[in-house]
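K.L.:
So you can see what is in the structure, the chains are spelled out below.
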Amino acid sequence: MPENKKDIISRLQKDILLWQGFTPPMAGKARGIGLGPLELAFPNHVFPTGNIHEMLCPTPEHAAATSGFISGILTSLMQNGGACLWVSTSRKLFPPALIAFNVEPDRVIFIDVQREKDILWVMEEALKCKGLSAVIAEVRDISFAQSRRLQLAVEDSRVTGFLLRNDLRRLNSTTCVARWQVTHLPSEPEDELPGVGFPRWQVDLLRVRNGNPGSWNLEWAEGGFIMLDEKVETILPERLVAV
Amino acid sequence: MMNKRYVSLWFRHLLTDRLALRQPELKDVPFVLVGAERNRQVVMAANHLAEAQGVTTGMAAADAKAIVPGLQVIDYIPGQADKLLNALGEWCIRYSPFIAVDLPDGLLMDVSGCAHLWDSEHGYLKAIVTQLISKGYDVRGAMADTIGTAWAVARFGREKPIIAPGRQMEALLNLPPTALRLEQVILDRLQKLGFHTIKSFIGLGRTAMRRRFGDDFLSRLNQALGTEDEPLQLLHPVEAYSERLPCMEPICTATGIEIAIKTLLEKLCQRLQGEGKGVRTAILRGYRVDGLVIGAAIATNRATHHVEHLFKLFELKIPSLEPALGIELFTLDAPKVEDVEPGQELLWSAEGCGLADTSLAELLDRLANKIGAANIHRFLPQEHYWPERSIKTSASLKEKPATPWRTGRARPSLLLPRPERIEVTALIPDYPPMLFIYKNKVHHVKKADGPERIEREWWLDQGEHRDYYQVEDESGQRYWLFRSGHYTGDQSNQWFIHGFFA
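Protein chains in written order, with the numbering used here: chain W, 1 to 243; chain L, 1 to 502.
Simulated from the structure, these hints should not be mistaken for laboratory data. Among these hints, one or two may not hold up.
As the list claims (entries may be wrong) - Derived pair list, reagent style PhoX-like, types lysine-lysine, alpha-carbon separation capped at 20 Å:
(1) L:Lys-27 / L:Lys-65
(2) W:Lys-117 / L:Lys-317
(3) W:Lys-117 / W:Lys-128
(4) L:Lys-312 / L:Lys-267
(5) L:Lys-312 / L:Lys-262
(6) L:Lys-398 / L:Lys-277
(7) L:Lys-439 / W:Lys-92
(8) L:Lys-277 / L:Lys-262
(9) L:Lys-312 / W:Lys-130
(10) L:Lys-135 / L:Lys-83
(11) W:Lys-128 / L:Lys-370
(12) L:Lys-277 / L:Lys-336
(13) L:Lys-27 / L:Lys-135
(14) L:Lys-199 / L:Lys-160
(15) L:Lys-398 / L:Lys-336
(16) W:Lys-128 / L:Lys-312
(17) L:Lys-277 / L:Lys-267
(18) L:Lys-336 / L:Lys-312
(19) W:Lys-117 / L:Lys-370
(20) L:Lys-392 / W:Lys-92
To be verified - For the chain L half of the interface with chain W, some residues (derived, Cβ under 8 Å), not all of them:
(21) Leu-367
(22) Pro-401
(23) Pro-412
(24) Lys-446
Said to hold, decoys possible - Here are a few chain W residues that sit away from chain L, every Cβ distance over 10 Å (derived from the structure):
(25) Trp-19
(26) Ile-33
(27) Gly-36
(28) Thr-75
(29) Glu-116
(30) Asp-141
(31) Gln-151
(32) Leu-152
(33) Glu-155
(34) Leu-168
(35) Glu-222
(36) Ile-226
Note that the structure is predicted; figures quoted are calculated from it, not measured. Cβ coordinates follow ideal geometry from the N, Cα and C atoms, glycine included.
Can you build the whole structure from these sequences, using the hints too?
P.N.:
Laid out in structure tokens, this is it:
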């Protein structure tokens with residue numbers, strides 16, 4: 001019976017997702033984080049909060065675009081007055097910029113550590129703290145075992161973590177739920193007005209556990225993400241190698 | 001009110017004992033310390049060998065030399081007794097927290113409630129005295145309900161050194177009047193009147209005694225008998241919030257230290273909780289067998305009496321505590337204590353708790369103890385347009401922005417710590433550049449906003465103003481550039497990059 005087989009497979013898939021920690025959204029609590037169709041790429045069509053995301057930002061420009069994209073996500077993560085931790089060794093983030101993404105900069109706590117190895121210690125401690133909405137850390141190097149420790153910490157506390165990887169030569173496999181890269185796109189002037197338009201990014205979901213990688217073009221305007229192109233491109237393997 | 005018990009220790013040869021310890025060759029020869037007094041060379045201290053041959057303190061040095069042939073004479077250094085007694089008092093803290101120096105040659109200890117750890121008062125006093133004797137000091141000790149009686153019995157007592165509670169009068173009766181710590185004038189007068197023991201005058205009427213010997217005399221007598229209080233000048237002023245944990249066996253393992261810290265914290269926190277207070281700073285001290293004191297201090301971001309949390313803070317410090325041969329006594333002081341705000345956990349759900357959350361404050365405490373509180377920042381807006389000064393760091397989690405965050409002007413997501421010089425091609429004055437070279441890469445400017453002129457605050461610093469442009473290159477990357485000062489035509493060293501936009 002082909003229908004029966006399909007049913008069994010889809011049920012098994014749901015079970016596996018459940019064991020992997022992807023709980024289906026509660027009936028009343030289903031709410032997106034404002035990424036629109038992008039969220040469909042994830043299992044259960046829900047952006048996985050309470051997980052660790054890896055963002056590739058090889059250049060300062062990428063880092064700037066990524067910080068904008070993360071800030072947009074933080075807006076919804078930090079609802080109900082949540083706080084957020086930003087860990088790095090050489091912080092360049094300029095807090096007043098966050099206000100453009102509806103994040104109050106005074107609710108972000110910056111931890112500036114001296115040594116690279118302290119970052120992971122701080123991140124792990126912070127991820128264990130249920131009182132935080134999100135933890136963002138700029139790391140150069142993380143081993144598989146270290147990423148697993150972080151994963152264990154978030155599984156208990158359901159805090160969302162973001163790892164900003166600024167050295168792509170040291171990229172390795174990690175337990176992170178998704179790997180992203182955010183790149184600038186030329187903006188379109190609005191109504192033929194001169195000057196710089198709203199920020200636009202090409203968001204590549206390079207790798208996602210139990211989901212579908214893809215590439216989307218987003219614009220941040222009027223306090224929310226706007227999907228520019230409904231068409232979802234699947235990323236070819238050679239592009240994965242290229243980044 | 002607990003019954004008070006005091007111990008008085010008398011170092012009979014304090015200075016000479018110390019010298020004999022320093023210079024072992026002096027141990028078996030008679031020697032004296034000689035200092036100048038009223039233009040005379042006077043014996044200030046003599047060791048027991050010299051005393052056995054008839055040398056006494058206050059004797060002229062020449063006389064002493066005449067009595068004892070071959071007497072070693074050593075210079076007396078003023079102030080040494082004080083220093084030495086302070087050091088001995090520090091050492092004695094393992095027996096009681098309340099130690100006072102009793103110049104010129106003694107220590108006073110408030111030992112109320114301390115003796116039970118040594119089974120009995122007898123065992124306690126014996127432990128102190130034998131320890132000091134084994135260190136090389138000729139010491140006598142006595143214990144009584146009052147400082148005065150303990151002092152008297154330590155110096156003049158002939159029988160047992162421990163005076164049972166309430167028996168001061170009997171202990172004093174057979175002692176000479178000197179035992180009451182009286183002034184020389186009064187002593188002379190008593191001598192003249194034939195009062196050779198306390199017994200002989202204690203029956204006199206109070207008014208008669210006051211008339212003949214003055215108020216001081218009566219107050220000394222009352223202090224010895226326990227009808228008048230006598231304050232102690234303590235070596236270590238008592239912290240209001242302090243706990244002690246003496247150990248039967250010296251502790252030398254990390255596990256042992258952990259248990260000790262937990263025990264102390266539980267005691268301290270129970271008390272703090274009852275009073276609605278919490279710890280802001282706490283100091284742990286360990287008194288080692290070899291006489292050194294080791295310690296660790298912690299601080300918290302908000303007052304807390306949460307044992308688990310405080311223990312976690314100390315746990316990070318345990319590796320730095322070196323027990324060596326063992327730690328005999330732990331003390332925990334909380335010099336800074338504040339009122340605890342009533343718990344707010346209930347107001348915040350686990351999903352979205354903010355800065356007021358206790359678990360966040362506890363996390364920050366842990367981080368601060370490991371990486372230093374100076375590395376944790378929170379930023380608030382400041383009333384300055386100059387970008388570097390537009391934010392200030394805030395040390396407190398509770399501080400709210402005094403002014404709202406500015407939203408009018410675009411600010412870059414990343415700001416370089418200091419602006420970096422770039423090469424530009426700008427054709428028209430006060431227009432954004434057409435292209436710029438940053439880190440050997442040419443960026444063609446496609447779109448630009450600006451200029452936004454930001455003047456220097458002349459009352460803070462001097463220099464050129466900046467004209468900021470937000471520019472976007474051909475691939476959509478956005479930069480914050482500025483020209484320092486007015487357009488001069490020669491743009492070689494005027495242009496800087498200061499940030500990256502999202």
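K.L.:
Against this structure, judge whether each hint is valid.
P.N.:
Results of checking the hints against the structure:
no.	hint	result
1	L:Lys-27 / L:Lys-65	holds, 18 Å
2	W:Lys-117 / L:Lys-317	holds, 19 Å
3	W:Lys-117 / W:Lys-128	holds, 18 Å
4	L:Lys-312 / L:Lys-267	holds, 16 Å
5	L:Lys-312 / L:Lys-262	holds, 10 Å
6	L:Lys-398 / L:Lys-277	holds, 18 Å
7	L:Lys-439 / W:Lys-92	holds, 17 Å
8	L:Lys-277 / L:Lys-262	holds, 18 Å
9	L:Lys-312 / W:Lys-130	holds, 17 Å
10	L:Lys-135 / L:Lys-83	holds, 17 Å
11	W:Lys-128 / L:Lys-370	holds, 16 Å
12	L:Lys-277 / L:Lys-336	holds, 10 Å
13	L:Lys-27 / L:Lys-135	holds, 14 Å
14	L:Lys-199 / L:Lys-160	holds, 18 Å
15	L:Lys-398 / L:Lys-336	holds, 19 Å
16	W:Lys-128 / L:Lys-312	holds, 14 Å
17	L:Lys-277 / L:Lys-267	holds, 14 Å
18	L:Lys-336 / L:Lys-312	holds, 19 Å
19	W:Lys-117 / L:Lys-370	holds, 12 Å
20	L:Lys-392 / W:Lys-92	holds, 15 Å
21	Leu-367	holds, 6 Å
22	Pro-401	holds, 5 Å
23	Pro-412	holds, 6 Å
24	Lys-446	holds, 7 Å
25	Trp-19	holds, 23 Å
26	Ile-33	holds, 13 Å
27	Gly-36	holds, 19 Å
28	Thr-75	holds, 13 Å
29	Glu-116	holds, 12 Å
30	Asp-141	holds, 18 Å
31	Gln-151	holds, 19 Å
32	Leu-152	holds, 17 Å
33	Glu-155	holds, 15 Å
34	Leu-168	holds, 17 Å
35	Glu-222	holds, 13 Å
36	Ile-226	holds, 15 Å
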